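K.L.:
Sequence:
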Amino acid sequence: MARNLGFLLLVIHALLLGLAAADWNILNQKKVKYGLQITLKNYCESWRMNVELHNIRDFDVVPEECVSYIGKYMTSTQYKVDSEMTIDECTVYLSTSCGLKKDGTDAWIFDIDDTFFPPSLTTRKTGSGCLRSATIDNLVDVGYHGWTSLILRGPDDENKDIQKYKADVRKQLISSGYRIWGILGDQWSSVEGLPTAKRTFKLPNPLYYVA
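The sequence shown runs 1 to 211 under UniProt numbering.
Please note that a few of the clues may not be correct.
Below, simulated DSS-like cross-link-like pairs (lysine-lysine); rule was C-alpha separation at most 25 Å, straight line [to be verified]:
| # | residue 1 | residue 2 |
| --- | --- | --- |
| 1 | K41 | K202 |
| 2 | K41 | K80 |
| 3 | K171 | K102 |
| 4 | K102 | K160 |
Pair by pair, the computed Cβ-Cβ distance ranges are [stated by the list, open to error]:
| # | residue 1 | residue 2 | range |
| --- | --- | --- | --- |
| 5 | L53 | K80 | 19 to 27 Å |
| 6 | G104 | D137 | 22 to 30 Å |
| 7 | P155 | V67 | 28 to 36 Å |
| 8 | T77 | D141 | 32 to 40 Å |
| 9 | V142 | K102 | 23 to 31 Å |
| 10 | D141 | E64 | 28 to 36 Å |
| 11 | T75 | R132 | 38 to 46 Å |
| 12 | V81 | T200 | 30 to 38 Å |
| 13 | W147 | V67 | 17 to 25 Å |
| 14 | G143 | V81 | 33 to 41 Å |
| 15 | F110 | E52 | 34 to 42 Å |
These aren't lab readings, by the way, just hints derived from the structure by calculation.
Values in this document were obtained by computation on a predicted structure and should not be read as measured data.
Glycine is no exception: its CB is placed at the ideal position from the N, C-alpha and C atoms.
Kindly produce the complete structure, drawing on both the sequences and the hints.
P.N.:
Laid out in C-alpha cells, this is it:
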C-alpha cells in the first residue's frame with residue numbers, strides 16, 4: 001500500500017512538473033525572441049489587450065495559463081472602470097454630437113448578452129439569443145421593459161454568419177426610416193459590417209469571440 005501510494009505521488013509530481021513546463025514554455029520562447037524578462041502576468045495582460053485591439057481573433061477559449069488572470073480582471077475594479085468609461089463616452093457623444101429629431105426614429109443598437117447582462121465566466125454557447133423567453137425575463141429583471149419591439153436571433157438565423165445577421169438587421173432598421181446614432185456591444189461582430197452607425201463603442205470582453 002505504501003509503495004503504491006509513493007508511486008502515485010511520484011506520478012502526480014511528474015504531471016505537475018509537466019504542466020508547469022508547458023505553461024511557461026511560451027514565455028521562454030518570448031524571452032529568447034525579445035530579450036525581455038516576461039512574467040506570466042505580462043503575457044496574459046498582453047493577450048487580453050490584443051483581444052480588445054482585435055489583433056487576436058477567432059479564439060475558442062482563453063489560454064489555459066491565463067484563465068486565472070482573465071477571471072480576476074473580469075471581476076475586478078479595473079473591469080468596472082473600463083466599462084464605465086465606455087458608457088461615459090457614449091453619454092458624452094449622445095448629449096453633444098447627436099442631432100436627435102425626437103420623432104420616434106432616433107435609434108441606438110445594443111447587444112443584450114454581456115452588455116445589458118454581466119459577462120459570465122462559464123462556457124458560452126453561440127446562438128443563445130434564440131432563447132427568447134429567458135432573455136425577456138432577464139431584461140425585465142434588470143429593469144428594461146415597455147419596448148414596442150425586440151429583435152433577437154431566431155432559429156432561422158442560426159446558420160447565418162453573426163456579423164452578416166447584425167448588418168442585415170441594421171439595414172432593415174434603416175430601410176424602416178430609423179437613424180442609427182450608435183452601437184454598443186462587447187463583440188467586434190456587433191460593431192463591424194455595413195451599414196453601420198454614426199459611431200460605435202465596444203465594451204471589454206476577453207472571455208470569448210463571436211464572429
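K.L.:
Hint by hint, which ones does this structure get wrong, listed from lowest number up?
P.N.:
4, 8, 11, 12, 13, 14, 15
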